[in-house]
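Knowing the structure of chain A, use the given hints to seat chain B on it.
There are 2 protein chains.
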Amino acid sequence: MKVVESRLELQRLSDEERARGQRIALVPTMGALHAGHLSLVDAGRKRADQVWVSIFVNPTQFNEANDFEGYPRELERDLDACRQAGVDIVYAPGVDDVYPQDAQTWVDVETLTLPLCGASRPGHFRGVTTVVAKLFLAAKPHVAVFGQKDFQQLAVIRQMTRDMGFDVEIVGGAIVREPDGVALSSRNVRLGPEARRQAVALVQALDAVEAAAASGERDSGALLALARTHIESAPQARVDYIELRDPDSLETAPETLAAATLLALAVNFTPDPSGEGADVRLIDNRLLSFDRSRATEHHPSGDSQ
Amino acid sequence: MKVVESRLELQRLSDEERARGQRIALVPTMGALHAGHLSLVDAGRKRADQVWVSIFVNPTQFNEANDFEGYPRELERDLDACRQAGVDIVYAPGVDDVYPQDAQTWVDVETLTLPLCGASRPGHFRGVTTVVAKLFLAAKPHVAVFGQKDFQQLAVIRQMTRDMGFDVEIVGGAIVREPDGVALSSRNVRLGPEARRQAVALVQALDAVEAAAASGERDSGALLALARTHIESAPQARVDYIELRDPDSLETAPETLAAATLLALAVNFTPDPSGEGADVRLIDNRLLSFDRSRATEHHPSGDSQ
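Same order as they appear, the protein sequences are chains A and B. Under numbering that gives the first Met the number 0, the first residue of the first sequence is numbered 0, with each subsequent residue one higher. Under numbering that gives the first Met the number 0, the first residue of the second sequence is numbered 0, with each subsequent residue one higher.
Hints listed in this document are in silico derivations from the structure and should not be mistaken for laboratory results. Among the hints, a few may not be true.
[As the list claims (entries may be wrong)] Not everything, but these chain A residues come out facing chain B in the computed CB check (under 10 Å):
no.	residue
1	Ala132
2	Ala137
3	Gln158
[As the list claims (entries may be wrong)] To spell it out: a stretch of chain B is covered by chain A in this simulated footprint if at least three of its residues, at any positions, have a beta carbon under 8 Å from a beta carbon of chain A; those stretches are:
no.	segment
4	4-11
5	95-107
6	132-143
Please read these numbers as outputs of a predicted model, since none were measured by experiment. Just so it is clear, CB atoms sit at the ideal spot from N, CA and C, and this is done for glycine as well.
So that you can see chain A by itself, here it is in the shape it has in the complex:
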């Protein structure tokens, strides 16, 4: 496995590999790799000859300095995980390689970035789309794989890729969960043990809403209230948003649901019952399928149907 720190070197390697007919899949990450990331590596390998992983904690997508500084960084462990997963190249640049001195250029998706995480985290998606465009230009992949846990991010990146005309196929990887159902996230390690136990409230809310929908509940307000009850049962949880949205346009779903609808949650956890430490923000989502009364994502302990 090659570890590359320079964009120019990566571009040279990409040109070489592309010239000899190799298909490249890129998995952009911020490191702190877990089984969710490794499932994206597997998804990439199914669609390409080589899997390249980028590891870069992107400063411009953090709207809070605390969150950026506290974000876990463990490059050696990540490189080991990549080696074991059969990754071909890791691109692990320094900040200057991605943002040259006095950089002043941004890639911005206007509408899809307004609600949900975009509303809670000003500038976040501008940072995401800018860095993803740069990573695409650096690695020149044929395929790029992103996790569905960041549902809005995936939608925004699809839009950016289509609008700009990148010839990169965007693949969404299914959410990977802990045995108790909590979605894998690099931020989970920042929860104290009690908050970690309470974090199951997110997936319980998703399961409960999915079950209610499967039983015929079509009323947005009732489903949102049901989700809220579950989240608010966790004493260290504070709701950021609980929303039902059109999965393509991300527009607010109608009062009476009829078509596939995204249920998206963002919850801030106080890491410690004493209230010490910076909040940890967790997100999760599920695509609810009303037309056939079936949900499309199933989590192992889900009890719907």
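Just chain B now, kept in the frame of chain A:
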């Protein structure tokens, strides 16, 4: 010569040519090709195996509907000119190929776009950087050539290319002028005969300032006033801006000039003495070199030194 209307087809061709080791130079144009454009084709050929020209009147960089609608379109004549110039591929897409339905993604350069044409033409440079990024993604050139007449545009595109990490070498082509010194522009054809005669005021202003600088004048105010006198001698001319700027940062030049300085002009012409018709906006510029008392761009009828 191949004429390609589809981005996907162009990307396929680029992949093929790059794989067999061909270097590609792209000359992005809005058509209405004149000798200035063809000099860019020549500059491209010096640096690559193939020259590709894009012809696309980009709607998003026109801040006035009149200007967009009135912009000259003469594709067949342009294709003939490209054939004669030995162009390998012309990319002449429709608007939908560059801006898919509901496109909402923009590439924006923040600081360099604020003064000069950016101040006069809100949104103009956002349209330019967005379309140039898309053209780079479509053609995947090794080199791209832009005219120095649009000095700020060239600076903005260099910045965008560097910031985003496009592996495209940006080349600036010297201004090409009519026998009377007027810079070639697709907009010149929209001037009536009298306004066309008066348009020489721009290059006369540049020449006069260059000569004054060569004679030792270092005072910004005096040089700007000299330029203004020349422009205002043209009855159908109305100054948009006359400015002295740092050629790299585009910051306002100091009161007493010491280093290389850009003199940039934008002038609106009433096309007809009666005042009928939409104004035609002409720009021109010269790089003044104070450190060695020499200007770097020489126009044939220039009388400095």
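The hints, checked one at a time:
no.: 1; hint: Ala132; verdict: holds, 6 Å
no.: 2; hint: Ala137; verdict: holds, 6 Å
no.: 3; hint: Gln158; verdict: holds, 7 Å
no.: 4; hint: 4-11; verdict: holds (count 3)
no.: 5; hint: 95-107; verdict: holds (count 9)
no.: 6; hint: 132-143; verdict: holds (count 4)
In this structure, none of the earlier numbered hints is contradicted; all agree with it.
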